[in-house]
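A.B. asks: Here is how the chains run, residue by residue.
6 protein chains.
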Amino acid sequence: MSESDIVTFGETMLRLSPPGNERLENAAEFEVRAAGAESNVAIAASRLGASATWLSKVPETALGRRVVGELRGHGIETDVVWNHRGRQGTYYLEHAGKPRGTNVIYDRENTAISTAEAREFNIDRIQNAQVFFTTGITPALSSTLRETTANLLKAARKGGTSTAFDFNYRRKLWPPDDARETLTRLFPGIDILIIAARDARTVLGFEGDPRQLAHKLGTQYDFTTVVVTRGSQGAVGWHDSVVHDHDAYATDTVDPIGTGDAFTGAFIARRLDGDDVATALEYAAATASLKRTIPGDVALVTADEVEQVVSEDAEEISR
Amino acid sequence: MSESDIVTFGETMLRLSPPGNERLENAAEFEVRAAGAESNVAIAASRLGASATWLSKVPETALGRRVVGELRGHGIETDVVWNHRGRQGTYYLEHAGKPRGTNVIYDRENTAISTAEAREFNIDRIQNAQVFFTTGITPALSSTLRETTANLLKAARKGGTSTAFDFNYRRKLWPPDDARETLTRLFPGIDILIIAARDARTVLGFEGDPRQLAHKLGTQYDFTTVVVTRGSQGAVGWHDSVVHDHDAYATDTVDPIGTGDAFTGAFIARRLDGDDVATALEYAAATASLKRTIPGDVALVTADEVEQVVSEDAEEISR
Amino acid sequence: MSESDIVTFGETMLRLSPPGNERLENAAEFEVRAAGAESNVAIAASRLGASATWLSKVPETALGRRVVGELRGHGIETDVVWNHRGRQGTYYLEHAGKPRGTNVIYDRENTAISTAEAREFNIDRIQNAQVFFTTGITPALSSTLRETTANLLKAARKGGTSTAFDFNYRRKLWPPDDARETLTRLFPGIDILIIAARDARTVLGFEGDPRQLAHKLGTQYDFTTVVVTRGSQGAVGWHDSVVHDHDAYATDTVDPIGTGDAFTGAFIARRLDGDDVATALEYAAATASLKRTIPGDVALVTADEVEQVVSEDAEEISR
Amino acid sequence: MSESDIVTFGETMLRLSPPGNERLENAAEFEVRAAGAESNVAIAASRLGASATWLSKVPETALGRRVVGELRGHGIETDVVWNHRGRQGTYYLEHAGKPRGTNVIYDRENTAISTAEAREFNIDRIQNAQVFFTTGITPALSSTLRETTANLLKAARKGGTSTAFDFNYRRKLWPPDDARETLTRLFPGIDILIIAARDARTVLGFEGDPRQLAHKLGTQYDFTTVVVTRGSQGAVGWHDSVVHDHDAYATDTVDPIGTGDAFTGAFIARRLDGDDVATALEYAAATASLKRTIPGDVALVTADEVEQVVSEDAEEISR
Amino acid sequence: MSESDIVTFGETMLRLSPPGNERLENAAEFEVRAAGAESNVAIAASRLGASATWLSKVPETALGRRVVGELRGHGIETDVVWNHRGRQGTYYLEHAGKPRGTNVIYDRENTAISTAEAREFNIDRIQNAQVFFTTGITPALSSTLRETTANLLKAARKGGTSTAFDFNYRRKLWPPDDARETLTRLFPGIDILIIAARDARTVLGFEGDPRQLAHKLGTQYDFTTVVVTRGSQGAVGWHDSVVHDHDAYATDTVDPIGTGDAFTGAFIARRLDGDDVATALEYAAATASLKRTIPGDVALVTADEVEQVVSEDAEEISR
Amino acid sequence: MSESDIVTFGETMLRLSPPGNERLENAAEFEVRAAGAESNVAIAASRLGASATWLSKVPETALGRRVVGELRGHGIETDVVWNHRGRQGTYYLEHAGKPRGTNVIYDRENTAISTAEAREFNIDRIQNAQVFFTTGITPALSSTLRETTANLLKAARKGGTSTAFDFNYRRKLWPPDDARETLTRLFPGIDILIIAARDARTVLGFEGDPRQLAHKLGTQYDFTTVVVTRGSQGAVGWHDSVVHDHDAYATDTVDPIGTGDAFTGAFIARRLDGDDVATALEYAAATASLKRTIPGDVALVTADEVEQVVSEDAEEISR
Ligand SMILES: [Ca+2]
Ligand SMILES: [Ca+2]
Ligand SMILES: [Ca+2]
Ligand SMILES: [Ca+2]
Ligand SMILES: [Ca+2]
Ligand SMILES: [Ca+2]
Ligand SMILES: [Ca+2]
Ligand SMILES: [Ca+2]
Ligand SMILES: [Ca+2]
Ligand SMILES: [Ca+2]
Ligand SMILES: [Ca+2]
Ligand SMILES: [Ca+2]
Ligand code: NI
Ligand code: NI
Ligand code: NI
Ligand code: NI
Ligand code: NI
Ligand code: NI
Ligand code: NI
Ligand code: NI
Ligand code: NI
Ligand code: NI
Ligand code: NI
Ligand code: NI
Ligand code: NI
Ligand code: NI
Ligand code: NI
Ligand code: NI
Ligand code: NI
Ligand code: NI
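These protein sequences, in sequence, are chains W, B, P, X, L and H. Residue 83 in the UniProt record's numbering sits at position 83 of the first sequence; the count goes up by one each step and never skips. Residue 96 in the UniProt record's numbering sits at position 96 of the second sequence; the count goes up by one each step and never skips. Residue 13 in the UniProt record's numbering sits at position 13 of the third sequence; the count goes up by one each step and never skips. Residue 59 in the UniProt record's numbering sits at position 59 of the fourth sequence; the count goes up by one each step and never skips. Residue 308 in the UniProt record's numbering sits at position 308 of the fifth sequence; the count goes up by one each step and never skips. Residue 129 in the UniProt record's numbering sits at position 129 of the sixth sequence; the count goes up by one each step and never skips.
Read the hints as simulated data drawn from the structure, not as lab findings. A few of these clues could be false.
[Said to hold, decoys possible] Result set (DSSO-like, lysine-lysine): computed pairs, CA atoms no more than 30 Å apart in a straight line:
id	chain 1	residue 1	chain 2	residue 2
1	H	Lys154	H	Lys98
2	P	Lys216	P	Lys158
3	X	Lys98	L	Lys98
4	P	Lys216	P	Lys154
5	P	Lys98	W	Lys98
6	L	Lys216	B	Lys98
7	P	Lys216	P	Lys172
8	X	Lys172	X	Lys216
9	B	Lys158	B	Lys216
10	B	Lys216	B	Lys172
11	H	Lys172	W	Lys98
12	X	Lys98	X	Lys172
13	X	Lys172	B	Lys98
14	W	Lys98	W	Lys154
15	P	Lys98	H	Lys98
16	B	Lys216	B	Lys154
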């Protein structure tokens, strides 16, 4: 069994979206892409040089094969439990600018992964990795998955593997109270927390600016590292009681979905590569900014392109 | 409340299909269309001059609105219960010729309609119609719907409305034994049965050629009319102890899905308009043959086009 | 005959437009959509909760059927005279930003509607409505339609139906002098006038800011309500000698065509629903701003989305 | 002024057609192409080695520029009168196989060419050519064009230019009686007549098989050459009292429109190049067969490809 | 290093093809897919259950990354030398039926692989496989590759790995004499030869029916196994002095490119899995027939689908 | 031989670009367009009223025919040497906004034009023109072309034809030192130089603001006219020792490629038409600004549209 630097666990959906700014109610065609926070993170990490494997449970149909194939095509390894009964999760995405806003309809109940138990996965793969990663979406999907998430985090810690977790609160999946209760229970098993300032406030009830949020979270729950993201104003990283800060880069956004996952995947990959938190934040912000120029959830970037953004060396046309 | 000649009840899905002969596993885009046996039948009937209403229960989302809008755009009335919780049913369709064959993946569990009860619908609308129609797909979708189907058929009969039923066995929805048991229990409430010769044999266990099947079914279950379809070899119609017969027309098929529904809708519309069974079979076969030249489930034909096929008056180019 | 809150009368064209910013001179494909000021208004009104019917005369061809089907699909009723001879009107649309600008080529001479006379329509439908609506485009299309417009406005008034009129001057259809002479002759039969500040100045010869224009128009012609729109700076509404004012909302525009119709349809629907002029202007501006994010002439919005804009509650991504 | 071997005169339309076998009533997009019998013939002739110029009158709009540009792109010269008022003609095309058939809706009234008079064109260009060509469609378009067609044929004859004419009866443009009366009046000015066997029978009232039709036409009207086409059964050519005969080639047809024009253009080009009638018929049939494999009205073939068909040297894959 | 059952070596191109039957000369868009005989074979083998790795040398650009990603997405492993200088090979493909035929324009000179030497590859990977496979295309690409092909075949043999070779003569790459001279020199190092009957005749100069060709080739060059394919009439397999025979299956072909590669990949996979030659030929023919229904070079089939064809158990619609 | 006002010489490629902002690594389709600096300039000049011919050497394939046909379709004449061996040059283009930027991959080695010698072209055509134009890209393509460029410039000068040259340094084609050495050697034969301020600095080593650069270049190399462009800040023109200046117009850019060529073509056309340098700069800037709203390399504008920009008379919608 080959080993990966980072192993992620979660659901990857088919994302169905009308072209351009057409409406779901009316479009003749939907673009189709594999999309899910945990595979997005694996891909972003892999694009920046980490080896990455995505673990999941998928239906044994053309749809499940499609998800797995598309992810492999983006450069990561996949290790999935094939399932004869559960559905393939999907989400419908409608892109729009102001004031309509981009909108998501989830259709992910009773999916294949909803019945996934820890014993179905190859725990060695997790324990041989440097980092195990999942997000707050996974335990939101089923009660079985709440348990499975906890068990996999435990297994990772037991194997000496670092654990990283993106809080990723999704209002359309569960109410804030359920999320807070479930996710804070997982916090003791987590080394690196990534969380949006908004979630820290509205779900966890913290107050203050992002620097204060990072500090409070880090000290209260004893994380090694806390990254608090704040949309187009960048992110702060708390580590060893120090808070670092990096602005977002200016972008011509064509698809905002997956920005946070690109950020997180790049941050982890650069940390694994030896960067300090400040430098990793810089590359994470650059990767996130490139993602926003790319249609789809996934950060199909190269390490060279990220370097170019960091060195602010872009031209309108490169020829 | 306006009245319709024919009222149909059932689920209409989003049909998601790759363009041309692309594979679900690989296509970049899916074409999207509303599709369901009972709305297909309503549309075909409407195209041949009957007024038609489709009853259903749909999710109160862009997807549900899309289904309703698309059906209205094809010329029928819709009378639906809007639902806050159930899913929008979908099916994935991959077109292919020999030897691959066209393939369907259903994703229609826990849909909005699966919880529909008879009391949610306006029974007057059914009782003021000439014909109430549904198919063997509806009771296959949930146990609630088995009961609802039975109740609506009873209500129709009570209101003096004729009942028509397409057997439509779907192997991917339920096993033959369940279908036989459930559907034969509905037979006493049905006036007009449409059934594929193959289903009569493999699900109901009858033997013989289509003429014999029609005769046996008609006499055993006391239907008014039985139509047995036999694919590219046309159909036979049993009525008043007489069996009529009509061949299928030659077609350059681009989409075989919905052929049977086009046949059934046209048959009912022509019978309502006063045709004898032999003539109605002829128009039904013509409508079905036109359907096969049209992408999508739906028979977007005109009555004039059907007449032209019946009169065998076609040209390669009309200009 | 079912009754509608609002009945509109006018021509709906096929709109043929290259994808994206391609040129008509060069594009391999044109997108096709039904489009016309009076059906746009009916749809916007219907989306905000009014029942709406569009009256017209259309060719009895696949093109005429398409227009009718597409409009029904957007939720309104249609009541049309089918015509064996006239053409289906079309317009060619080329989208572009600065400095090219979006450009229209009309091809709407000798269309089916150009011969429409008042006696061809069901006058009861107009007289049973709350509001009858048409625009300055209709009388620009033929001399017969000048008379028909006048006759339908008279019939509405006679039936106690309010009359609403969007001035909608189109330089490519007729010269300003003809428009002024023809349209001011209709003014005595109109209750609610909607007019662009630019048209009030360059066609009617009024001077002043939008508030002054509304006041002058209202008092000189004895309208009940006058709405003067001023592009991205919003609109003013004059009613009972008071002038109300609302700014436009910021938008990421993908298609500016139909903005005014969305505004007007929403304004009428909200007024019918009991809003005062100031509130109706607010919802109208919100509907217009959403329209600008949607490809096509038509405001495919929901009342909920409009509420969200009014409450300024939007997110970049809703999930 | 450069000289061309063949000069053709007629209207070229925008052809608007749904992709694949979609219906006009429903398709989201139309493919757009320049299409007209006389420019089709010019292009086919040019592809087989003749120099060709198309004369016409077109609107001075993006649509007119598009038609001219597209034709130039296919290799011919254009010499057009730009017009500020008339419309750009269009036709809507719906492709279908059996039993639906391919269907055309013309929208070509009051087009720019309908007012074209002979004095608007450069007569020298016609008189310096080897062949002047037009079809029975041109005089069907307006009474002015009936006169113009007669005048241009006269001018050609006067300049010693051969005249060729495709009868091309279009039922949707005029009744058979009008066509017969108008077109037979032009016959004395025509050297080479191309006519479908069906038109010779149903419009002109001749009887007999194609060989007999050719012979009767040739002797009755004193043509130099008569070609009678008979669809998928090929064509016969009458010349110097001898009748030659060639079968059509087997094809996998994707677009039958323009088959006859490809045939005619190739026939004329090969005759100009010195072929006898039998050989020219062979190349004409080969060019027509290739056309049927190409989407659009136009025979975008090469002379080499035609040679390959004639030598029956094709492979399934050439690599 | 993970081990594969089959290792293939060769060039994979970007295939650029107009949609449908459009011409290269005219289409607005080209479909893009990775395509190459040796990766096609690896993918077909993998789809039938063998593990497969493709070796190559590709440019370190978005185009090279695309090829590698697309192949990984289809389920195989890739092990490539990234190159800073050579081009990405492409081919332009125009699909057509009779009499035009499908046509290929190669653009593969000076590509990255043309400079590939045996020492650049991981020979262990070849020597740990069961089968090493390449085709007659590879040595046609450059003189360096002639040597490299010979060296890799030698290395395989030395490591005890079986060698398989598809003769694949391409007229547009080299003349028959060069091919014969070069390829027969490789024959002593080859265990399994696959060759089209046409190539055996026109390039190698053998005579006789396919059974005779297989026998003559097998005995003359001392192959273990010889498969002679004969297009739509199936294939024969010679092994242990016995000739086996299997017809092709009937297909509705949408893309004939890659049929032979699908056949070969399936044949090798089934032989590796223990099938006798007769059975392997049957599965190979079934896989090839499915390929013809799939757009693109690649046999995106499942083992289940192949089984269904072998058991002749297909339906027009599976639902 | 007809004469043109301007004759240009250079390579025109197939431009292959994913739709929208898709990545080359992932897009299912590429849009295809003919694109090359010298034909871009010819087309822009022609659009502003000059007659223009493009000289080149192209492969005798569907790809070469496509390039020639597409350019003729845009309104210019072409006079090309057809070649049996060289490749068709291509370039891959990926559009993106900040911070990714638009990116180009050239694939133009060993193209047909790379072997073009002056004696292959019709020198009379150059010597009968008013202006002969080429760019710094042409001599970058091969050593043969360095000589050919010099010879054609000499021939032009000898025939009394003005010579115009766009410096157009392309970093991905050659290093700055080679470019400087080669191109400055051509300077004595050039009358009108167009150069980007950036190239003047980084390739030629000049310093100063654009006005100073123009002055220094003009006096040092004895040009008649020097135009220095400076991106979105417009351009300066030096002539008769006077420097003129014009800002760029504000644009909503959809495709920045070809902006400079549009500028140059318009500048030359207007100078030929008698404009002074200041006025020509104004029209050049307007044409360049329109180009940025048009997909593709080519300025498909009309003279009227350019006038409208110059008169700053645009509307958001013209109807
Ligand atoms: Ca659409
Ligand atoms: Ca595709
Ligand atoms: Ca379709
Ligand atoms: Ca295009
Ligand atoms: Ca669209
Ligand atoms: Ca499309
Ligand atoms: Ca097409
Ligand atoms: Ca397309
Ligand atoms: Ca495709
Ligand atoms: Ca895509
Ligand atoms: Ca597409
Ligand atoms: Ca395009
Ligand atoms: Ni896209
Ligand atoms: Ni669009
Ligand atoms: Ni669109
Ligand atoms: Ni599409
Ligand atoms: Ni998108
Ligand atoms: Ni893809
Ligand atoms: Ni389909
Ligand atoms: Ni396109
Ligand atoms: Ni648009
Ligand atoms: Ni299609
Ligand atoms: Ni469609
Ligand atoms: Ni077509
Ligand atoms: Ni097409
Ligand atoms: Ni095209
Ligand atoms: Ni294809
Ligand atoms: Ni395809
Ligand atoms: Ni672009
Ligand atoms: Ni584009």
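A.B. asks: Hint check: Lys216/L vs Lys98/B, CA-CA at most 30 Å. Holds or violated?
C.D. replies: Judged against 30 Å, a Cα distance of about 35 Å means the pair is violated.
A.B. asks: Compare the distance between the alpha carbons of Lys154/H and Lys98/H with 30 Å, and conclude whether the hinted pair is satisfied.
C.D. replies: 43 Å, violated
A.B. asks: Need the status of pair Lys216/B, Lys172/B: alpha-carbon distance at most 30 Å?
C.D. replies: The given pair, whose Cα atoms are some 27 Å apart, holds under the 30 Å limit.
A.B. asks: With a cut-off of 30 Å on the C-alpha distance, tell me whether Lys216/P and Lys172/P pass.
C.D. replies: It holds: about 27 Å lies between the C-alpha atoms, which stays within 30 Å.
A.B. asks: Is the hinted pair Lys216/P and Lys158/P satisfied, with a Cα-Cα distance of at most 30 Å?
C.D. replies: The given pair, whose Cα atoms are some 27 Å apart, holds under the 30 Å limit.
A.B. asks: For a C-alpha distance cap of 30 Å, please report whether Lys98/P and Lys98/H respect it.
C.D. replies: Distance of about 19 Å is within 30 Å: holds.
A.B. asks: Measure nothing beyond the straight line between the CA atoms of Lys172/H and Lys98/W; if it is 30 Å or shorter, mark the hint as holding.
C.D. replies: 39 Å, violated
A.B. asks: Are the Cα positions of Lys172/X and Lys216/X separated by 30 Å at most?
C.D. replies: 27 Å, holds
A.B. asks: Assess, step by step, whether the Cα of Lys98/P is no farther than 30 Å from the Cα of Lys98/W, and give holds or violated.
C.D. replies: It holds: about 19 Å lies between the C-alpha atoms, which stays within 30 Å.
A.B. asks: Compare the distance between the alpha carbons of Lys98/X and Lys98/L with 30 Å, and conclude whether the hinted pair is satisfied.
C.D. replies: 19 Å, holds
A.B. asks: Compare the distance between the alpha carbons of Lys158/B and Lys216/B with 30 Å, and conclude whether the hinted pair is satisfied.
C.D. replies: 27 Å, holds
A.B. asks: With the threshold set at 30 Å, check whether the alpha-carbon distance from Lys98/W to Lys154/W stays at or below it.
C.D. replies: 43 Å, violated
Hint compliance for this structure: hints 1, 6, 11, 13, 14 are broken, all remaining hints hold.
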